[in-house]
Structures are given as C-alpha cells and as structure tokens.
Amino acid sequence: MRSFAFLVNPSSGGGAAPKVVVPLTRVLREAGAQVDVTYTTSIAETPALVAAAIARGAVVVSVGGDGMLSSVAGEVAAQGGVLAVVPAGRGNDFARMLEIPHDTAAQAELLLHGEERAIDLLRATSGDGTAHVVAGSVYAGVDARAAEIVDRSHWLPSALQYPVAAVRALATYRPVRCVLEVDGARSSHEAATVVIANSRFYGKGMAIAPSASVSDGLLDVIVIEAAGRLDLIRALPKVYDGGHVDLDEVTVLTGHRVTLSGDYAGGGAVPVGADGEALDALPADAGSPLAVDLMPGALRILR
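Numbering (this note's numbering) for the sequence shown: 825 to 1127.
For the record, the hints were derived by calculation from the structure and aren't laboratory data.
Ranges between beta-carbon positions, derived for each pair:
1) Leu-1054 - Thr-865: 36 to 46 Å
2) Ala-879 - Asp-1055: 50 to 60 Å
3) Arg-1124 - Glu-854: 18 to 28 Å
4) Ala-1102 - Lys-843: 18 to 28 Å
5) Lys-1062 - Ser-827: 38 to 48 Å
6) Thr-996 - Pro-834: 28 to 38 Å
7) Gly-1008 - Tyr-1064: 27 to 37 Å
8) Arg-1010 - Asp-927: 41 to 51 Å
9) Gly-1092 - Gly-1052: 13 to 23 Å
10) Arg-1124 - Pro-834: 25 to 35 Å
11) Pro-925 - Arg-853: 12 to 22 Å
12) Glu-940 - Gly-1041: 17 to 27 Å
13) Ala-955 - Gly-1008: 12 to 22 Å
In this text, a Cβ means the ideal position worked out from N, Cα and C, and glycines have one as well.
Make the full structure from the sequences, and use the hints.
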C-alpha cells in the first residue's frame, strides 16, 4: 500500500485546496493508505518537506496550482522521488495535460493504483544565473502581461479572470524585439509573444502548443509575430483549440535548448512568466539571455 505526503497550498484557487483535500484523504485512509498533510504557502519550505516525504517512502502529492506544482516537481525530481498531482488552482493546465481527474473517487484510484511514468521538465535560467524548474511553459510578452493582470483580478469570477486578462493585455500590448536561438539556430523577431512549452496548455485551457508532449524529449517553441491589436484579439479564440498554429503569423519550432533576449519596440523590459508565476524580466542583452533547457525524463509521476 502506498503512503502519501500531501503538500497543500491553502490559498490556491481562492481557497479551494482544503475542500479538495479533506474528502480525498478520507477515501485514501479508508483504503488503508498512510496519509500526511502539510499546509504551506512558502516555497522555501519545499525542499525540506519533499526530503522528509521521500525519506519515509511516501509519494509527494502537490495540491494547488501550476506554480506550486512546478516548485514541488523540481524538488521531487532532484531528490529522486515520485510525484502525484491534485489540481486545486485557478488554471490547472499541467493537470489538464496529464488528464488528471477532478472527482474524488477517480483521484483516489489514480493515487492508489496509477502507474509511475517518466516525464520531461524544463529548466529556465535567467541572465544572472538564477534557475527555476518549470513543468508547463515559459513565456515572454503579452501572455506574461496577462498573467500579471490575472494576479490582480481576484475580484472577478474565476471563469472570467483569464479571458478578461487576455483581452486587456492584447488591447495594450507592444511588440517585443527579440533574438531567439533554438538548438543553435538563431533568428530575430518582432513578436507579440514567444512561448517555450513542455505542456500543450496554458492560460486555463488555451492549447498554445497543440503538438506538445511531456514525454517526447522535445520542447515546443511558439512564436506569435506582432500584428494589429484587433487582429490578435480576433485570433484569440483559435488558441483554445490550437487552430492559431495554422496562421501565417505563427511559427512553431522544436528543440532541446532555447535562448531568448529582447526588449519592447520603443524600449522597456519585457515580462517573463512560467506556469502563472513571474520570473525576472527578459534580458535585453543577447550575450546573457534567458535560457530554457529540456530535462528529459526528469520526473517520475503517477498518471
């Protein structure tokens, strides 16, 4: 019988996480599993909590949003443990990619009897050498601006936060002048956004990288070239089913290592995000760019 160490962000999803944990842990304990639950909002606590769980042979269960998932996944991968995911955030895009169920009975079945499988992760390294492990995607431009707006939109109903933020960001966006390098092949762009994806989804269900797989040993790069604001807003619905990749303004590349640098046309630092969390702004100097490397098969996960 497996044992589990739940790491729960109580503020995820507007406080949804505890409501998910209570019935799920009850079912697991009734099945005979040992379950420990720790509530935490501090990333600094993650390494020690993960180490303690792995030391007692427990599966680490991340309960929260995509940002928490990435921080926990990085530690579990580094320490050689096994991860499980229970979605309880606003976007839950990586759980969507893994097809994690939302009902308690199916979640318990997955935790108790799901197979361990190896999946890829990303490592994003800023120009100053600061590194972050990312499960889903790294992005620079209008979508990172939208993520900033989402973080200030808690007053909106959850279903409206991402669509409203996307439209507001597009309505005020500026093109990004950037230098992109994929496995050594360099190109220059004036783009609305550049997305480096391990997962198919971001932004609460947008299929930004429809061909992406978490187990193919490749990262997908989506470049959406600069266009008029109204044109981008009209094209937004296509992102939900992946139809945007057929547009002339969209370039899709694949590789193992990506570097990116640039600034706004007219000057100014470009925001960068990863799984809903803000990273350092995009380096303007191509000599010290943001680097994103694939970590093939880095994480064992129940799915």
